[in-house]
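Input sequences plus hints: build the corresponding full structure.
Throughout the sequence shown, residue numbering follows numbering that gives the first Met the number 0, covering 0 to 103 in sequence.
FYI, nobody ran anything at the bench for these hints, they're computed from the structure.
Model, not experiment: these values are computed from the prediction.
Please note: incorrect hints may appear among the correct ones.
So the derived label-pair ranges between C-beta atoms look like this [to be verified]:
| no. | residue 1 | residue 2 | range |
| --- | --- | --- | --- |
| 1 | Ala17 | Gly41 | 27 to 33 Å |
| 2 | Ser7 | Glu60 | 18 to 24 Å |
| 3 | Arg94 | Ala17 | 37 to 43 Å |
| 4 | Lys93 | Glu37 | 55 to 61 Å |
| 5 | Lys63 | Phe97 | 48 to 54 Å |
| 6 | Thr14 | Asp40 | 24 to 30 Å |
Backbone N, C-alpha and C define an ideal beta-carbon position, used for all residues, glycine too.
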Amino acid sequence: MKNKITVSIADQEYTLVATEDEGYMQKVAQHVDAKVREVLDGAKVSLVDGAVLAALNVADEYFKEVEAAENLRRQLKEYLEEATKMKLELSEAKREIFKLQNKK
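Next up, the structure:
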């Protein structure tokens with residue numbers, strides 16, 4: 000079901016239509032508002048330029064987070080592979096111990 004939500008970004012009202020709930024969309028709009036205001040407060044630029052610069056900042060954050068997530072996935076995969084290898088070595092060591100105990 001689609002929800003119709005009115006949000007305010009940089010003192011401009013926008014009506015959004017989204018499948019997400021209103022609370023989520025308000026959270027997203029507040030984030031965008033903060034990013035646009037951050038740019039507008041720091042520079043003498045138009046609202047359009049401020050929105051573009053804010054979008055660039057958000058895209059930069061997004062790509063850095065995607066890269067960080069990929070690094071974590073890679074690291075987790077390595078840990079899992081190492082754990083699997085250690086389990087095999089442990090299993091082999093247990094078999095060897097069992098063989099040695101049964102030779103007595």
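Verification of the supplied hints:
Between Ala17 and Gly41 the beta carbons are some 30 Å apart, a value that agrees with the proposed interval 27 to 33 Å. In this structure the hint that Ser7 and Glu60 lie 18 to 24 Å apart at CB holds, the actual value being about 22 Å. The hint said 37 to 43 Å for the Cβ distance between Arg94 and Ala17, and at roughly 58 Å that hint is violated. Taking 55 to 61 Å as the suggested C-beta distance range, the pair Lys93 and Glu37 conforms, at roughly 59 Å.
Hint check: Lys63 to Phe97, Cβ distance near 51 Å, so the stated range 48 to 54 Å holds. Range check, Thr14 to Asp40: Cβ separation about 26 Å, and the 24 to 30 Å hint holds.
Hint compliance for this structure: hint 3 alone is broken.
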